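**Student:** Fit chain B to the known structure of chain A by using the hints.
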Amino acid sequence: MSTTTSRGVSHPAPAKAASARPRRGLRGGATFNFWLFTGPFLIGLLVFVYVPIGWSLWLSFFEARFTVTPDKFVGFDNYRQMLENSNFTGSLVTFTVFAAFIVPLTWALSLGLALLVNRLRFMRAFFRSVFFLPTACSYVAASLIWKMSIFSGVRFGLMNTVLGWFGVENIAWLANPDPPWYWLVIVSARLWLQAGFYMILFLAALQNIPPELYEAAAIDGAGPGWQTFRHITLPQLRATSTAVILLLLVAAYQAFDEFFNLLSKTTWGRPPLVELYYTALGQAQDYGAGSAGAVILTLLICMVTLLQGKFMGFGRGEEAE
Amino acid sequence: MSALSSNWDRRSVLRAAAGLAALGPLAACGSNNGRSGGGSSGKELVQYFHAYGEAGTEQAIKKYAKAYDKAQVTTQWITGSDFESKLFASLLTKNAPDLFEFHPQIQLVKSGQVADLSDIIDPVKDDFNPADIASHTVDGKIYGVRMIDDPQFFFYRPSLLEKAGVKVPTTLDELVEAAAKLTTGKVKGLFIGNDLHAVINPLIWSAGADTLDANNQIAYHTEGVKEGLKKMRGLFTSGHLLLDAPADYWDPSAINQGLCAIQFCGMWAMPQMQQALGDDIGVFAFPKVTDSGKPSVYNGGWSMFVNAKGKNVDLAKEYVKWLWIDQKKYQEDWSLSYGFHIPPRSSLAASATKLKSDLPAEGVKLFGEYGHFDNIGWTQSMITALEDVFANCVRKDGDPEAALDKADQTVNRELKKLFG
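First to last, the protein sequences are chains A and B. Residue numbers for the first sequence, in our numbering: 1 to 321. Residue numbers for the second sequence, in our numbering: 1001 to 1420.
The following block holds chain A by itself, in its conformation from the complex (with noise of 0.2 Å):
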């Protein structure tokens, strides 16, 4: 609040300043113009990005428990600490097994949608906006909504009641790991919350698509569906897929919120960010160690992002196709 109302006002006055003497003009000012209009965002992203980054490099060297102006030097003590963790060691491998889950399947499900709804003759405002509203939902709430309504484990949640119609048991969805029903929860959540979204995005690719194409592969004798699927629309959607997939594993990458609220006080099915909040910001608040988590984290993504750089050739610029 004080942030917005504050930066209101200081604004307008070099406005101000500069509309007193016309003559210097905006030649003499474009370096101060420059300034002006990145400065804001240079010193925003000094204080919010580098230096938390920086602090916490420092941190990651010395023992800091409820502190975070700590001065005792441990060296790579912490990053013994985090490595030799199996829970943190662990949290990796969590990730990928949700990263290998989440993004194939929303992938798939968006682009469904997408030709669903691109196919459709009346209405295709209304189911647009349907299927896209969930994107507006917060993690939080509909956690929230899957846990303590959909798959709440007594006999009158909605899953149970579903399957008690069957015959079936009631099912502790969460708490019980064996077998791994929270995977369910956890992915059917974040299919809701995020396929209306990479649908709205491949919808405006799929209306890029030349008619002419379609025309010249029916002349050719490409048939309807599949085939025309397959050589026409698959193809055409490369460059939107590539990015689909790379904004779902950043996307997955950060995943916290469904984690955090749908799986308390457990060993399994934490992604590196709800391991590394327990460590550093939960009950532990051992910011030491926890920014040594961060830094290996870091350096885990710095090295997946190179290597995907030169496999899928993203930022190489369109001409080196």
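Honestly, the hints are just simulated from the structure, not real lab data. Model, not experiment: these values are computed from the prediction. Nothing false has been slipped in among the hints.
Lysine to aspartate or glutamate pairs mimicking EDC-like chemistry, simulated, CA-CA at most 20 Å apart: (1) B/Lys1125 with B/Glu1332; (2) B/Lys1417 with A/Asp77; (3) B/Lys1294 with B/Glu1227; (4) A/Lys265 with B/Asp1082; (5) B/Lys1163 with B/Glu1177; (6) B/Lys1329 with B/Glu1058; (7) B/Lys1086 with A/Asp257; (8) B/Lys1417 with A/Asp71; (9) B/Lys1396 with A/Asp178; (10) B/Lys1186 with A/Glu169; (11) B/Lys1309 with A/Asp71; (12) B/Lys1231 with A/Asp178.
Over 10 Å on every C-beta distance to chain A, these chain B residues come out as not near it, computed from the model: (13) Lys1070; (14) Lys1094; (15) Ser1118; (16) Ala1134; (17) Glu1162; (18) Lys1167; (19) Val1176; (20) Ile1218; (21) Gly1234; (22) Val1313; (23) Asp1314; (24) Tyr1338; (25) Leu1359; (26) Glu1362; (27) Phe1419.
We treat Cβ as the ideally placed atom computed from N, Cα and C, and that holds for glycine.
**Tutor:** The following block gives chain B in isolation, referenced to the frame of chain A:
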């Protein structure tokens, strides 16, 4: 820099500054920092409370605060299940509360986060339950004022037990068996919380072990505890436990709504249960796990602490003294008018007529006979370590020995940091 000086004359800078200054108060009004500005006496305190489940509790705490005339006390009522995380995180910031409720944990003392309250407690020390004084004392200094003692035990429906031909369990094996017999199509035999962690300490004590011994060494890693863990695993997989209930063990909904026949809960929920179930409610302690063990009850509770790094340490101490030492009426109201809690002050406990008969009296008896109080040396990361043991070998099919070994590592590292 040169571009800046060419376009900015002194006057425009001043004008901007004046504009900013003029908006300052406005911004202060808008910022929601929990401190409502402009108290009558000018001094302000902020206190943190976790959200108690009973109706009227929040209003009560605010009412007490309002009655204090030397400072304006603002209450932050922290909802959600991780009060600890929010408290610990905020204690590191400038917006930390001046005083807060929590459990005695030595890392707060060692890291200098809680103030020594000996001078306000010493005069009335003899009126406190000695165990409550001991659990808040480090090197002869007392760091917190106990507000309420909350024993935790099992609540059961005598009518359902009778119908199933089950006696009140006296061993863990009998409890497992009772859960099986009491489970019907609609009702599960037993509810001990969604993650089962509420019974970790009782299980350890009932197996004849302890969290730490008198020299602050690990005391939970015994054959008895391992046996208990195996039995708990059997119970967990039996299908006779209520799991994933919408409300956790600390809320009486499960037993009140007839979802289970026996529920682990706390003394605080007694009035709600009596209201819902009338006379059809009984209590028993966590039964012994091994032959050499003894039934046990965890005497939890909440205490007030003063943030030693806050801006108003003395004022906060004065407020704690005023409310939690001098104002016996409010203390009594807090202990008995909402949920049931046992007052840690002997004089108040003696006059608490509501706790003198029937079910509450039985609860007080369990508290006295089988109660174990907090050990200040048993800290949050150790608690979490044992929760991981439960997660790994009760809810998952892990090996108890391996899980305990892993916990030993964490606990020993913690002990070394705390006690050297």
